[in-house]
Structure formats: structure tokens, C-alpha cells
Amino acid sequence: MKKKIFTQDYYKNFPGYPSKERLAKARVVVIECVQDIPCNPCETICPRKAIVVGKPITNLPRLIEENCTGCGRCIPICPGLAVFVVNNNYNDKESTISLPYEFLPLPEKGEEVIALNREGEKVCRAKVISVLDPEKNNRTAVITIAVPKEYSGEVRGIRLIRKNP
Amino acid sequence: MEEVMVVGGGPAGLCAAIESARYGVKVILIDENDMPGGQLFKQIHRFFGSAQHRAGIRGYDIGNSLLSESEKLGVRVLLNTVVWGIFQDNFLGIKTEKETKILQAKKIVVGTGALENPLAFPGWTLPGVMGAGAAQTMMNIQRVLPGKRILMIGSGNVGLIVSYQLLQAGAKVVALVEALPKISGYLVHAAKISRAGVQILTSHTIVKADGKGEVKKAVIAKIDENFKMIKGTEKEIKVDLVCIAVGLRPLDELCWMAGCQFTYIPSLGGFIPLHSRDMETTVSGIYVAGDVSGIEEASTAIEEGKLAGIAIAESLGYISKKEAEEKKELSWESLRELRLGSFGEGRQKTKDLILKQYNSLHKM
Chain P
1 MKKKIFTQDY YKNFPGYPSK ERLAKARVVV IECVQDIPCN PCETICPRKA
51 IVVGKPITNL PRLIEENCTG CGRCIPICPG LAVFVVNNNY NDKESTISLP
101 YEFLPLPEKG EEVIALNREG EKVCRAKVIS VLDPEKNNRT AVITIAVPKE
151 YSGEVRGIRL IRKNP
Chain D
1 MEEVMVVGGG PAGLCAAIES ARYGVKVILI DENDMPGGQL FKQIHRFFGS
51 AQHRAGIRGY DIGNSLLSES EKLGVRVLLN TVVWGIFQDN FLGIKTEKET
101 KILQAKKIVV GTGALENPLA FPGWTLPGVM GAGAAQTMMN IQRVLPGKRI
151 LMIGSGNVGL IVSYQLLQAG AKVVALVEAL PKISGYLVHA AKISRAGVQI
201 LTSHTIVKAD GKGEVKKAVI AKIDENFKMI KGTEKEIKVD LVCIAVGLRP
251 LDELCWMAGC QFTYIPSLGG FIPLHSRDME TTVSGIYVAG DVSGIEEAST
301 AIEEGKLAGI AIAESLGYIS KKEAEEKKEL SWESLRELRL GSFGEGRQKT
351 KDLILKQYNS LHKM
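Chains as they are written, first to last, in full-length UniProt numbering: chain P, 1 to 165; chain D, 1 to 364.
So here's chain P without its partners, still in its complex pose:
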């Protein structure tokens, strides 16, 4: 009944999506912003000019991949929750994905959670590496999880396993 809309193949052609080579190299931001909405906080907050919207403000954010350190400041500021950071160099087997998360309760560091794809389907189990929820993020926590490397392009959400969350 349901046809898939939100797939990696769809997103990877947009200018905020890093190249395969850059993704393989080190931590980098992945921007899944696909429509000409007048919006640019990602550009404003980036300290290294790695995200360019420019004028008109409806341009899609373009990633200047050599400038990006994957610091993730752009994750919680995006009103569309469309910014992620992927690190394919975390260890031999795993990649990390940092994602915006606005549900309570927050997971805890070290907790095992279910990693979801863009359609909300279970991909695998994941371990929570860090939970950042400082006041300046104004209630958009940034959760970093580790997943098997092959899933780093697919996983974009989490669901808690604990009962009565």
C-alpha cells in the first residue's frame, strides 16, 4: 500500500549530501534539505563556511565538504530536522550517526536502541554513544549512535527499546 519516498538514493543527489569519497574519509555533515524553502540557519551557524545557501535564500544548502569538520552545530538549529552527521571512520566495523531527537525520555549513553531508516522501519540495533542536550540547543537533543558500517547511509532515526518509555 505504501510506496517509499524517503530513500538514500533520493537524497544523495542533492547539494547538501557529501560525496562517497568524503563520506568514507571522516566525520561529515549530511544535509537532507530538498526544497526551495526560504531558510538559512545552517549557513549562519557554521563556523567554517562549510554550508552555503547564499542568495536567493531559497537555494538548497550546498556542502563545501573540505571545510566541514562534522562538528554538528547545524544539527539542532535546522527547523526541518534535516541535518545529520555521519562518521564512517569510527572504528573498523561501525559508523556513527548523529541525529536530532525531540522525544522524551531521551536515551542514555550506552543504551541499546533500535535504529530506524527514513521510513521508520527497523534496520538494526544501535548503541548510544552520546546524548547532547545543552540549554542552547533549546530542546533538540543530538543523539549519536553506532551502527554497523553498511547501514550508515540508511539509518536516520531511533526508537527506544525500554518498556514504558
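Where hints are given, some of them may not hold.
Said to hold, decoys possible - Distance condition first, Cα-Cα at most 27 Å in a straight line; then the derived DSSO-like pairs of lysine-lysine:
| no. | chain 1 | residue 1 | chain 2 | residue 2 |
| --- | --- | --- | --- | --- |
| 1 | D | Lys72 | P | Lys136 |
| 2 | D | Lys322 | P | Lys122 |
| 3 | D | Lys238 | P | Lys163 |
| 4 | P | Lys122 | D | Lys172 |
| 5 | D | Lys148 | P | Lys163 |
| 6 | P | Lys4 | D | Lys231 |
| 7 | D | Lys216 | P | Lys163 |
| 8 | D | Lys148 | P | Lys4 |
| 9 | D | Lys238 | P | Lys127 |
| 10 | D | Lys208 | D | Lys231 |
| 11 | D | Lys238 | P | Lys4 |
| 12 | P | Lys109 | D | Lys72 |
| 13 | D | Lys228 | P | Lys4 |
| 14 | P | Lys12 | D | Lys182 |
| 15 | D | Lys148 | P | Lys122 |
| 16 | D | Lys182 | P | Lys122 |
| 17 | P | Lys4 | D | Lys235 |
| 18 | P | Lys4 | D | Lys172 |
| 19 | D | Lys72 | D | Lys235 |
| 20 | D | Lys72 | P | Lys122 |
| 21 | P | Lys55 | P | Lys12 |
| 22 | P | Lys4 | D | Lys222 |
Stated by the list, open to error - Sample of chain P residues at the chain D side, in silico, Cβ under 7 Å:
| no. | residue |
| --- | --- |
| 23 | Asp36 |
| 24 | Pro38 |
| 25 | Asn40 |
| 26 | Lys122 |
| 27 | Pro134 |
| 28 | Lys136 |
| 29 | Leu160 |
Hints listed in this document are in silico derivations from the structure and should not be mistaken for laboratory results. All C-beta atoms in this analysis are idealised placements derived from N, C-alpha and C, irrespective of residue type, glycine included.
With chain P held as given, fit chain D onto it using these hints.
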């Protein structure tokens, strides 16, 4: 006689009040609720835009900053007060908690906002069928979760955002149906609920809601390109809340009563009072701002309110024409920016059309 009365304390009305009070105009802001802010306080998501549009800031934070600014500037606020009529020479009939009275003002701003469109289907009068905005008010303002298993109708931004907020509040959104073959709101909003497990069904509609005394289930089905149901695709889903997010229309009764001239623009919500670049209607001294002047969003309502406020301060002689023009140009620039892109350019065109029609009337 009062100087300015603003009807409606949402983003448009608040900003009209703030902007005119900034230059010394004495303003009374009237709102039927027990707190000003309009829909801002239930907007718990971050707004889009640039820094100048307060992008990345949540709606209620914008509401709080507008409230404190209006307080600082000495805007007088009448709460729990209904404006029930508007009469020749800028008289307003108001009903406070204690009394009914008539007040007159040199200028009136109508910032009454919008009303949710209904959708009729078998079972639509059952308790448990409500507007998405109503559900949002219940959960984010009254802190009551109106249902646990939800069917959302409509994939505009309201449907998408309220679905996300229902998830945040702990409900399950069983499905979101959209009659059109594609999602009509922002895909980033759709992606958020998709990865949280909501199935978004395009080319689908609700067939009926069912239940004894309250909604217990709903039937949805696929529709063809002529919006006719495809027999055999009906599917029953267990839900206790059906939310309707099929657009808004301007809450424009006061403008009709005042004798404003209207134009009909379906994409802006229907009948829209004609207005000038200063947001003044065809009735001299009566201004409009925000959704009542065409359905848009809070960010544009803020700028339109500012325009009305500046124009009023100018026409009452509180600021020079030159200064007013400069300030107004800033708001126009901001509005032009907010109306860029495929979601905004249609609004820009129709808004331009309203100005054109207004101007042609005034040339006669």
C-alpha cells in the same frame, strides 16, 4: 476616542500594536482568549527563515518575546474580551467579562486570523473528529491529549506538524492520508514523521469514521486521479481521533460587517479583504494583517502587522513619511523573502494581485 484598537492578539495583531506603540501611539489590544499570542504558543516547533525572521526559534519563544515587548511599550491589553461588531466611523462593539460597551478608535486593525476548514464524511460529527489545530490547542495549550491512535487527514504543513507533535505527546499516528498524489507540505516535516513510523498515504481519503458515541475506527481508501474512491481498496483502521487538516479560511466577519471590499482567491483561503501596501482596507482607517488578509504563516503575519503599525503611526503623525517609508521597506523586503520559492511564489503573486485590485479601485 481611542487612538488604535487592534482586534486579535496573534502575531499580526501583536506586531501591529508593538510597532505603532513604538512610535508613541496609544494602543488597545483586544483578544477573546485569556492570553495574547494567538496560535504562537502552540507552535512548539522551530520556525523557518533567516535570522531576521527569527529562524530556528520556536513559536512560543517568539510569542514570549512579542508579549514582553508589547508590555514594555505600554500596549493596553483587554483579555477575555470579544469584539462582536464593527460600525461606521470606527466604532467597535465589545463584550468584556463584566460588560458590553461601544468604543471608538481613530484606527482599527483586524488581526482575527483564520478558521479551520471542515471536511464532511459519514461520521464527521462524532466526538473524536476535530480540526488538527484544535487537537494542537488541546495538547500544547490545555495539555490534554485528545486521542491515542490518530488518523490525520491532509499533508499540508499543519497536518505534518501536528502529526509530529502528537507523536511527541505520546500518541500514535496510525496514518496520514492525502487526497493529492503528492505530499503538499514541506518534505522535511514529512520526513520527520516518516522516520518516526507514520505511514503517509498519498491518493488516499477517509471514507467514514465509525463508532458508538465516539470514534472507534475509520475506513480509508485509495482514490483515482478524479478523486473517486477505488472500490476494493477500503481499509479499516482502529483510531480514536480523526484530525482534519485541509486548510484554513480567513476569519473575516468584522471586515464584511465594516463594508470592506473583497476579492476571491481560493489559494489564500477564499474571500480576502482588499488592502493597500499599508494593509489598509477599502474602508478608511480599518487595517488588516495576518491570516485574515490571506492565509499564510506566522512569519508573514508578523511583517504585515508591522506594516500596519508603521502606517498607522505615520498617518497619526507620530513619524515622518520618510522614516515610515524606510521602515515599511524593511518589512516589504522581509515579506518578499518569505514569499520566495515554490511554496511562496504563488502567495507573492496573489498578494500582488490584491494590491493591484486595491489600487485600481482607488484610481477610479
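Discussion item. Check the hint pairing Lys228/D with Lys4/P against an upper bound of 27 Å on the C-alpha distance.
Written reply: holds, 23 Å
Worksheet entry | Hinted pair Lys4/P and Lys222/D, Cα distance within 27 Å | holds, 16 Å
Practice prompt. Let me know if the C-beta of Asn40/P comes in closer than 7 Å to any C-beta of chain D, holds or violated.
Written response: Holds - the Cβ of Asn40/P comes within 7 Å of chain D, reaching about 5 Å at its closest.
Worksheet item: Is Lys238/D close enough to Lys163/P, meaning Cα to Cα at most 27 Å?
Response: Distance ~22 Å between Lys238/D and Lys163/P Cα, so the pair holds.
Worksheet item: Regarding the pair Lys12/P and Lys182/D, is the alpha-carbon distance no greater than 27 Å?
Response: Given pair Lys12/P, Lys182/D holds - Cα atoms ~20 Å apart, limit 27 Å.
Worksheet item: Is the straight-line distance between the alpha-carbon of Lys72/D and that of Lys235/D 27 Å or less?
Response: Given that 27 Å is the threshold and the Cα spacing comes to 56 Å, the pair is violated.
Worksheet item: Taking only the CA atoms, is the gap from Lys182/D to Lys122/P under or equal to 27 Å?
Response: holds, 25 Å
Practice prompt. Verify the interface restraint on Pro38/P: the C-beta must sit less than 7 Å from at least one C-beta of chain D.
Written response: holds, 5 Å
Discussion item. Need the status of pair Lys148/D, Lys122/P: alpha-carbon distance at most 27 Å?
Written reply: Answer holds: Lys148/D to Lys122/P is near 22 Å, not above 27 Å.
Practice prompt. Compare the distance between the alpha carbons of Lys238/D and Lys127/P with 27 Å, and conclude whether the hinted pair is satisfied.
Written response: Not OK: Lys238/D and Lys127/P at ~33 Å, beyond 27 Å, violated.
Worksheet item: Are the Cα atoms of Lys216/D and Lys163/P separated by 27 Å or less?
Response: holds, 26 Å
Discussion item. For a C-alpha distance cap of 27 Å, please report whether Lys55/P and Lys12/P respect it.
Written reply: holds, 23 Å
In summary, the numbered hints that this structure violates are 2, 9, 12, 19, 20, 26, 27, 28 and 29.
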